[in-house]
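Undergrad: Kindly produce the complete structure, drawing on both the sequences and the hints.
There are 2 protein chains.
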Amino acid sequence: MAKIDVELESFRSLVGEKLPLLGQLVIVTTISKDGVINAAVKSEIMSAVSNPPILAFSCNLAHHTAQNILEQHEFVVNIPGEDIVEQAMETSKDYPRKVNELEKAGLHAVPSSVVKPPRIAECPVNLECKEEFLKLYDDEIIIFGHVVAVSIDEEVFQASIEDRFRIVRPMVTTGEYRYAPISKLKKLP
Amino acid sequence: MAKIDVELESFRSLVGEKLPLLGQLVIVTTISKDGVINAAVKSEIMSAVSNPPILAFSCNLAHHTAQNILEQHEFVVNIPGEDIVEQAMETSKDYPRKVNELEKAGLHAVPSSVVKPPRIAECPVNLECKEEFLKLYDDEIIIFGHVVAVSIDEEVFQASIEDRFRIVRPMVTTGEYRYAPISKLKKLP
Chain A
1 MAKIDVELES
11 FRSLVGEKLP
21 LLGQLVIVTT
31 ISKDGVINAA
41 VKSEIMSAVS
51 NPPILAFSCN
61 LAHHTAQNIL
71 EQHEFVVNIP
81 GEDIVEQAME
91 TSKDYPRKVN
101 ELEKAGLHAV
111 PSSVVKPPRI
121 AECPVNLECK
131 EEFLKLYDDE
141 IIIFGHVVAV
151 SIDEEVFQAS
161 IEDRFRIVRP
171 MVTTGEYRYA
181 PISKLKKLP
Chain B
1 MAKIDVELES
11 FRSLVGEKLP
21 LLGQLVIVTT
31 ISKDGVINAA
41 VKSEIMSAVS
51 NPPILAFSCN
61 LAHHTAQNIL
71 EQHEFVVNIP
81 GEDIVEQAME
91 TSKDYPRKVN
101 ELEKAGLHAV
111 PSSVVKPPRI
121 AECPVNLECK
131 EEFLKLYDDE
141 IIIFGHVVAV
151 SIDEEVFQAS
161 IEDRFRIVRP
171 MVTTGEYRYA
181 PISKLKKLP
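Chains as they are written, first to last, in the numbering used here: chain A, 1 to 189; chain B, 1 to 189.
Calculated from the structure, these hints are not laboratory results. Be aware that a few hints might be false.
Same chains, same names: a pair is fine if it fits in one copy or spans any two.
Unchecked claim - Cross-link-like lysine-lysine pairs, in silico, DSBU-like; alpha carbons within 30 Å at most: (1) Lys-93 x Lys-187; (2) Lys-3 x Lys-33; (3) Lys-116 x Lys-33; (4) Lys-3 x Lys-186; (5) Lys-187 x Lys-130; (6) Lys-116 x Lys-135; (7) Lys-186 x Lys-93; (8) Lys-104 x Lys-3; (9) Lys-93 x Lys-33; (10) Lys-98 x Lys-130; (11) Lys-130 x Lys-33; (12) Lys-98 x Lys-184; (13) Lys-3 x Lys-135; (14) Lys-3 x Lys-93; (15) Lys-98 x Lys-33; (16) Lys-98 x Lys-135; (17) Lys-130 x Lys-116.
For clarity, every value in this text was computed on a predicted model and none was experimentally measured.
TA: Structure representation (structure tokens):
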């Protein structure tokens with residue numbers, strides 16, 4: 001293997017896009033102080049702390065997702081399957097703040113059990129989160145949220161892990177506007 | 001879709017393992033103050049900030065990876081392909097701190113260009129990182145690292161994105177000791 005050194009200014013640069021870094025495609029729902037629902041695709045997300053369950057995701061400060069969380073301190077991470085990839089991507093369009101992207105995308109809001117932002121009906125898993133910690137870097141913010149309630153499709157929950165992924169087909173993004181659905185698993189050695 | 005509410009105490013609980021949350025399998029190399037190389041598989045990682053490029057990953061404080069970074073403030077994120085999944089998993093075994101997991105796994109250390117911990121020769125991408133920020137939650141720590149140098153296999157770098165993933169086959173973990181290699185991409189709508 002012949003390696004070369006490359007300059008990396010940003011993960012969003014031409015070089016950054018060439019690094020095989022994977023992120024899970026999720027839809028984050030938030031609500032503004034005026035009660036307008038926002039939904040947006042995010043893919044820089046991780047299980048940051050296992051106990052208590054804390055997720056972290058990265059967002060641009062200019063995005064309504066960040067603005068709503070800074071005001072309302074709550075959000076829902078909705079895990080879509082490949083069956084709704086088109087609707088999910090519809091939420092990533094740049095609509096004015098008063099537009100409910102879920103309606104534009106043909107997705108449906110269901111009231112959450114604990115937080116104000118809604119869950120997305122068409123997503124088999126919904127993780128309701130309360131803001132736990134914020135870390136700012138210029139115009140980017142990493143938002144940590146404590147998962148305070150979880151709802152999951154019963155069939156998905158009862159399935160074996162192989163069937164669970166075959167049913168859900170969650171997606172990872174790979175850069176350059178590509179993604180891969182995860183439906184077939186292998187066992188770690 | 002019939003949803004049920006489930007209690008989530010921890011992402012590592014039986015319920016936590018059932019959530020289709022994906023994380024990229026990487027190998028983090030560090031070095032102790034005595035110069036002993038450590039390598040360990042991690043999968044809770046994300047591109048936290050795009051500009052400057054900052055990665056974040058989660059680690060248990062009891063792990064040598066965390067202890068070495070707290071002492072030395074540097075690490076390398078090595079991206080393995082499926083061809084070395086067995087060797088990668090060998091590094092996740094619980095060896096004493098004076099053991100070099102790379103040797104146990106049959107992987108090879110190559111000096112880094114900027115940081116003290118080495119790169120792994122068999123990984124097509126190596127991201128050398130300097131500690132940028134730490135966030136502690138009890139016995140878990142989220143480590144943010146600024147990517148200060150990048151090396152990448154030349155064939156991988158020159159390839160189209162489709163070929164790049166076909167060559168590398170990076171992996172995501174899915175819980176329950178399963179993983180999926182990412183080799184076939186689709187275009188986002």
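Undergrad: Please name the hints from earlier in the document that this structure breaks, with their numbers sorted from lowest to highest.
TA: Numbers 5, 12, 13 - these are the hints that the structure violates, sorted from lowest upward.
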